[in-house]
Amino acid sequence: MSRHRSVRGLNYDEEYDDYYCDAYGHSVEDSANFCASPGFEQQYMFDRSKSTAMGDYIVGTNPDEEDDDDDDSDGKDKAMSRRRLDSVHVEFPSNLSPTSEARLKECLEVLRDISGESIPEPFLLNAAIEANYDSNIALQILHDKPRNTEGPSIDIVREGSDASLDDLKAKLETICREDKSARPKVLDKLAPSTSRTASSSKSGSSCSTPRMIISPSPSLSKPSPRESHKAKLDPVAEYEKERKSSQKQCLNMVVIGHVDAGKSTLMGHLLFKMGQVNQKTMHKYEQESKKVGKQSFAFAWVLDETGEERTRGITMDVGLSKFETKTKSVTLLDAPGHKDFIPNMITGASQADVALLVVDATRGEFETGFESGGQTREHALLARSLGVLQMGVVVNKLDNEGWSKQRFEEISHKISAFLTKHVGLRDADVVYIPCSGLTGENLISPPTNDALKSWYSGPCLVDVIEKFRPPERPVSKPLRLSVTDVFKGVSSLVNVSGKVECGFVQAGERLLIMPQAEQCILKAVACENASSGMTAFAGDQVVASLAGIEAQNVSLGSVLCEPQCPVPVATRFVARLVVFGIEIPITRGFPVIFHQNSMSEQAMVVKLIASVHRSTGEILKNKPRCLLKNSSALVVLEVARPICIELYKDVKELGRFTLRCSGATIAAGMITEIL
Amino acid sequence: MKQTYRDIDKDGKGQVSLMPEESEDLWHAYNLIAIGDCVTASTIRKVQQESATGSSTSSRVRTTLTIQVEAIDFDTQACALRLKGRNTVENQYVKMGAYHTLDLEQNRKFTLFKVHWDSVAIERVDSACDPTQHADLAAVVMQDGLAFICLVTSAMTLVRNKVEVQIPRKRKGNAQQHEKGLHRFYDTVIQGILRHVNFEVVKCVLIASPGFVKDQFYEYMMQQAMKSDNKVLLDNRGKFLLVHSSSGFKHALKEVLMDPVVTMKLADTKAAGEVKSLEAFYVMLKTEPSRAFYGLKHVQKANEAQAIETLMVSDSLFRAQEVGKRKIYVDLVDSVRDNGGDVKIFSSLHVSGEQLDQLTGVAAILRFPMPDLEEEEISDED
Ligand SMILES: Nc1nc2c(ncn2[C@@H]2O[C@H](COP(=O)(O)OP(=O)(O)O)[C@@H](O)[C@H]2O)c(=O)[nH]1
Ligand SMILES: [Mg+2]
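Protein chains in written order, with UniProt numbering: chain A, 1 to 675; chain B, 1 to 382.
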């Protein structure tokens, strides 16, 4: 039962994510009690293991169980036909006879004609096979079977899935009429006449996300086990089939650390050694960098690609690259270390599952980076608050220190103390590796240098990457794809890159872009780290080609979602802040910059509701006058314009944020209520 | 602003004639005129005239009217001030009590009559007429893809233009789109500068950004100016000053105005002074919280104890619709001054004034700690 084991492992990750979630950013003084009370955590953190979902997840892969279901499903044929469909393998069956194949193609043609682009190809294929190539039956199946992953109630909305925006507005209108509180979030944008801020200021209840109204998603409400079983099966099964069986595990890894620690060089060299950069290109970089007197940056040029970055010898924006290890397909995000580019580092870190923290071992340099003005600490704290739970600490440039064991240990101890006490990482989740990005020592094979060999027998960098455990991917939640870049493709399509935060998406789907409330059709999705070109799942970095929209209607921070499950849009919300080591206290009226994924926006702390205990969440004082460093509080925030947000307990990736002011990160936060 | 006449008696009753010379002066006027005041100014009135035959024609005549103000409207972007009220001095065209709307304009004198000129109002007139307080300054705060072109005068910070251009990020093997996007962004900012910055008035143009954006932009702008032989930019080369800011958002102006390079070049501007005072308040809040208070209730209590060393008030509080409310704050100001305290009236149009506005509009640094006050809950005023 290897699969079971891996599933458990994933669940375990999720659990301690929740458990430790509150622990980052602790000051030394209160480190003694940094575990959160379960009661409070439960209130704010989403924990899959607490719902019945996990059990279903496992059961759902059991074929016997499926048959049982089919037998007694007469009364619920609609839902069941869906289920039967989903359990059929989607691949074009390889054992098809020529005649069958011809019939299948013919049937598909008919289906395509009739459905237009409203139904993704794999579903057509499924239906065609299911119907034994009879297009009429297949159509019936398609009609009966809402392909959405949500509960059965979705049918009502899904009917006529090629609805125009007007229809959508009308539909959302009807849906929302039943619950007034949903109105401001989605409809205000759709109906431009109503003033968004004015109307949204007074609402906000537990039932504030439209998604919940349309169809309580199994992960959010408490459905009966059977229901959630059916709803869950689809994406999970797809995911299993697509990823777990054939492919390597996907891992998003960000490389962080103080400027000039050697991050880009390390990664450039690693990519070169892994065969991702060919000899010729590398030679070219060597020659060209020599010409401009930046020879030592040749490897960094692999990732620092703009002219500005190369001439200045400094990374400014995240460099994206990929490579494969034995068991993993790694998407590499090389973050800039310079203080001024922390917003870009945040973009990178929020897409990452794990991090490599690179420090310069050179005497004096490590100390500078680790002091309060350096970025080593800030990066580590940020990465942790953005969901990174496993870290490799690369003690780099150890060649400069004669591969001294003593220096390595000195640095490891200092960092270890900081990571466990302040950042809130578990010792077991941090590995320390002596390296040299320049000479390539200990990158992909055990050390060859005698000085290092004499005392080090631990893993090399790639071994460490191998051992990282990818987190569980929330594939069964409603789709949220957050946009990190918009650019032109070869055709007239608008290309966006971004990360699938949760759910999954298939080429051919009609999607809604929020907060712009524009509809588009997804023509293609290409994953950065998986070969499939049809489907992308939670955790994937993708490039999506969109038809039916203009480039100006998508922006950084836009979220693509299914039209019937729009992501909440708001300007005001309640959040729980974890305040960092700030110089100046936070009061109401405090202007801040709100960072969420790749988006940043002017925002303001409009109200300090209460200061709370950092670990227990217990209210210490109502309406405090100000928030001092290393405190924690409930506040109301207002951003300058509507943005896509989720409650932290629903979708972590869109429910957490960081606040910055005057070039310093002042707090991390979780959204607890949308107003 | 020029004052041409002033006659205020010992009870504070009287009139002042003022000539707004620049758009900022209309902002001052807006802060001076309160509902119930009388304003005399030249205006255009549409009048109906009946001819001997009985047919009526309408024509526009210029006349001087005095109205008692009932409504005040100010458009910050256009710096247009509009007053509505009833006529109080009958003339050949307009009956007593008839409604009229006065538009106050630059270079057109007006006379303001108040039953009571309080200290804050008189101070406003004086500072508005003080020519040494003028240091016109343009500032461009920017980051990749975002720029605010602002005009900073002694009493206002106006965002003249917000530029937003989406710049594709660098991508593997394709740095071109990124560079193209950058140039498009720079071009838009240059357009904005040319359109909104009047180099004849402005003494200095600050370009502020994190990282190298400012340097890159400036270099690009001068290259383009050279190419197109743009005299305006080339001749004013010396007026540009590059400074660091942590972001391209408007609030980063605070850091810019505090930058030593800027404060050295520009003698203390009012805007910079306000940033400094507010900063001092926050530092006190951190180091000695029982000596820093905000909110009317706390500040009044501190004043009763004669504890206030520095009082910061936003001018928005003096524009209160109810006369009584303005009086509360005027009394507070007077009382703090009587006790030897320093009073800073912030312009709500500057970034720090905006922040103070959100912080209830009033804050104080105390001479001595008042720990008891800390225990009292702040009320939800505002
Ligand atoms: N001696 C030595 N120098 C290194 C090593 N790694 C990087 N460097 C140098 O450190 C400088 C900064 O490297 P870079 O990769 O741009 O640092 P980043 O800012 O962290 O990305 C370059 O001049 C590199 O050649 C190393 O392992 N040993
Ligand atoms: Mg770098």
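Think of the hints as simulated: they come from the structure by calculation, not from any bench.
Each hint should be verified, as a subset may be incorrect.
[As the list claims (entries may be wrong)] When the alpha-carbon atoms are kept at most 35 Å apart in a straight line, the in silico DSBU-like pairs for lysine-lysine are as follows:
#1 B:Lys-297 - A:Lys-607
#2 A:Lys-621 - B:Lys-180
#3 B:Lys-10 - B:Lys-301
#4 A:Lys-607 - B:Lys-10
#5 B:Lys-239 - A:Lys-284
#6 A:Lys-607 - B:Lys-46
#7 B:Lys-286 - A:Lys-649
#8 A:Lys-621 - B:Lys-325
#9 A:Lys-290 - B:Lys-276
#10 A:Lys-294 - B:Lys-180
#11 A:Lys-291 - B:Lys-172
#12 B:Lys-203 - A:Lys-621
#13 B:Lys-10 - B:Lys-46
#14 B:Lys-227 - A:Lys-284
#15 B:Lys-203 - A:Lys-339
#16 B:Lys-180 - B:Lys-276
Could you work out which of the previously given hints the structure breaks and list their numbers from low to high?
Per hint list: 2, 4, 5, 6, 9, 12, 13 and 16 violated.
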